[in-house]
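Colleague: Using the sequences and the accompanying hints, generate a full structural model.
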Amino acid sequence: MAHSMSAAKLLDALRQACAEAGIVFKDVPTDGRWHETDLEDDRRGKGDGRIRLFADGQGGIVVNWKAGEPITFFADDDRELDAAARFERDRLRRESIERAKADEAKRRAKARTVAAALWKAAKPIAEPHPYLVRKGVEPVATLREIAADRAAKILGYVPKSEGQPLAGRLILAPVKIAGQLSTLELIDEAGSKSAIAGGAKAGGFWATAALPKGDGDGLALLIGEGVSTCLSAAQATGLPAVAALSCSNLEAVAKAMCSAYPAARLCILADVGNGQRHAEQASKTVRGALAIPDFGPDRPERATDFNDLHALAGAEAVQGQIRRAIDAAYTSTHTTAKKPRSANFERPFSRSDDRRPEFRPLQREIEAGQPYPAEALGELLGGAARVLHEIVRAPLAICAQSVLGAAALAVQAHADVLLDGRRTPLSLFLMTLADSGERKSAIDKPALYPVLRREKRLIDDFDVAKRDYERELDAWKAARADALRGGGKARDKATIARALAQVGDEPAPPLAPILLAGEPTLEGLLKLLAIGQPSIGLFSAEGGQFVGGHAMSQDNALKTSAGLSALWDGSAVDRVRAGEGASKLYGRRVSCHLMMQPRVAAELLGSELVSEQGLIARFLIAQPESAAGGRQYVEANPEDTPEIRAYTGRLLDRLEAPLPIRADTRNELEPRPLPLSPGARRLWIEFHDAVEREIVGEFAPIKAFASKAAEHVLRLAGVLRLIDDLDAKEIDEAALRRAIALGEFYLAEALRLAGSAQADPELTAAAKLYAWMVEGDRVFVSTVEIYRTGPAHVRSASRARELLKILAMHGHVSSLPGGLEYEGKLRAEAWRIHREGEA
3 MAHSMSAAKL LDALRQACAE AGIVFKDVPT DGRWHETDLE DDRRGKGDGR IRLFADGQGG
63 IVVNWKAGEP ITFFADDDRE LDAAARFERD RLRRESIERA KADEAKRRAK ARTVAAALWK
123 AAKPIAEPHP YLVRKGVEPV ATLREIAADR AAKILGYVPK SEGQPLAGRL ILAPVKIAGQ
183 LSTLELIDEA GSKSAIAGGA KAGGFWATAA LPKGDGDGLA LLIGEGVSTC LSAAQATGLP
243 AVAALSCSNL EAVAKAMCSA YPAARLCILA DVGNGQRHAE QASKTVRGAL AIPDFGPDRP
303 ERATDFNDLH ALAGAEAVQG QIRRAIDAAY TSTHTTAKKP RSANFERPFS RSDDRRPEFR
363 PLQREIEAGQ PYPAEALGEL LGGAARVLHE IVRAPLAICA QSVLGAAALA VQAHADVLLD
423 GRRTPLSLFL MTLADSGERK SAIDKPALYP VLRREKRLID DFDVAKRDYE RELDAWKAAR
483 ADALRGGGKA RDKATIARAL AQVGDEPAPP LAPILLAGEP TLEGLLKLLA IGQPSIGLFS
543 AEGGQFVGGH AMSQDNALKT SAGLSALWDG SAVDRVRAGE GASKLYGRRV SCHLMMQPRV
603 AAELLGSELV SEQGLIARFL IAQPESAAGG RQYVEANPED TPEIRAYTGR LLDRLEAPLP
663 IRADTRNELE PRPLPLSPGA RRLWIEFHDA VEREIVGEFA PIKAFASKAA EHVLRLAGVL
723 RLIDDLDAKE IDEAALRRAI ALGEFYLAEA LRLAGSAQAD PELTAAAKLY AWMVEGDRVF
783 VSTVEIYRTG PAHVRSASRA RELLKILAMH GHVSSLPGGL EYEGKLRAEA WRIHREGEA
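Every number in our numbering is 2 more than the matching position in the sequence shown, counting from 1.
Everything hinted at is true.
The calculated lysine to aspartate or glutamate pairs, modelled on EDC-like cross-linking and capped at a C-alpha distance of 16 Å, are:
hint, residue 1, residue 2
1, 586, 525
2, 215, 764
3, 447, 641
4, 11, 78
5, 162, 191
6, 479, 507
7, 257, 282
8, 561, 576
What the hints contain is simulated information worked out from the structure, not anything from laboratory work.
Keep in mind that this is a model prediction, so the values were computed, not measured.
Modeller: Have a look at this one:
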């Protein structure tokens, strides 16, 4: 790197980023390529750091594969910039960051796929393995082995450690994050270690045995650095152990274990030397035990961990030191407890408010997702999404989901994808999960503006048509009355019938002008489709009102789910109403975009009834990371940008195009067939077959959604094609490739969110109780009030206490000394309710 003034600033920025990431600084060329470096203070971190400088010399990216997300940095020069130049500079920087995140997400997704294939090809360790023999430990079921040459074929490269290829029989240790396989630790016969390139390790761990279910009551769990350390500790003590695989990852793993097992006793196993401070910090964070191997005054220089102690002093020494550390940490603060609870936490029922645990979520933390591939939306939709993201500063996925939903509504009436005689509608069901304050409503307004404009024109036309209709109806009624009265009683039926025929049929009212429905019941939605526009949208920035409303109540959830599924399928829908008889609705199209808080969505996504019916698999779901805290105000109006003007004009053009209405009907659609080009057809079949193969592999946790992924891609491709050209005769390869990119994103999101949807039912029940408790700004509550007037799933004192115990462990409630008056009596068991973020 040439050391000019700007290059010197770049070096300073690089040095600072390396320090932040915990990797060794290295002066590398500005060639846009990745360069390898080591981790600071981690003897297992050789080659686990990466540095890439952008070719323009303005910044770069550093990555600590073991610690987490890439860090993007820039070198500021001293130029004065006006507002427009600052905006452009910041836009380019945001694009660089998003590209870096997208690259990292792809690397991690590829690593997960390769890890699954490698693990599947491996076999249990049956014969003595040289590494384990040398370490003095036995193989366990959570380890497998594979020949190095076969591993290289599956990986596509030769795994190396410090430049030397791994050789012989490789031990595979699966690293899991939020219950999902992320990568594999590879150990050869000589003890050289490597991992799958690009695999995420931050917060991930390997366990010596399958970890139990429940909150950890009665469980003691060991957390160490390496595989051999944890094997020695587990086999000496009989306790399960998890390996963080690096000292810098100890704290993250300890937090994950504390969250998963709030009632367990946690013991951090330190390595003497560089890793010791990380172990000490981890034990402080979770208030757990800390075990440091004591080798006595004559410690050999290379003896640092419990495996070394095992080799030098035997299993009894390991067991004794770890047991004493746990007893010292837990008996000193639990003298009144019959059973030690939660890592150095007091029992929830005796805790005073100032000693309560940190407020922690009542569900598993899930890893960050991939950036939304906005470029796959195309120039028009992608450009609009990016501008909304850059100016309104909402997460990109919210912006993208909003414009994609509006686009589907704009074109769904005009065509169905045709493939081998089967027709697939273009309707899309989208769901975006984001907390309050993520500017969902601020994005919905500009995204739906063309729809609202079209709806306003329909309303204006309806007002005129309604006045004409009312006059025609009055005239028809008068004429009909005359036809019935005229000629006196002597007339026969035939004469009356001829007179009525001359009057004609009752005039039909104009179609209801509504294009957008917010939180209707299924009956209301079907009535709107019967008397109104045949192509509408179910859109709500407060989707929780729909999920928590009458339509999705316990009595109506199955009926609503079945009805919405039929509309997504494009099937005829039964409409049965008292006083109106039964009928079927044909040729209707509905797209949907519901935005809601994750806590609200968890109940819907976790509903066995709704999931088994199949509605959830029909939704394309995204849950972006929060943008709060980094949203500097941008002095610009998105509606003044060329991207939003082009978006509004194009969608309005599609919405105002004449609808293909079947002959002799008023509002029954007859969309034209839209086939795939030969090239697009070939691509789609490849995608379909690739996903199908993984339904029993990587996509097994999301089988229902994966089974519909290929159909989702057809719908996405059709929408993208008609947005580009409403008169298109076929879906081309370009549109299909973009749709596949979107489909791959939604598959990755579904996998990522699967852990949340499969939450522990006890945590889900506790979350429901907490949601009831915080209604109406309630601050205090008694146990009696809960089981007398609380949610239906808490109708006994014992059940209330079980769930309150969970809430107390997660910092959501604390015991209220002195009790609380309820219904004129002092209730001894009372609770203070805590909110996230309060002191």
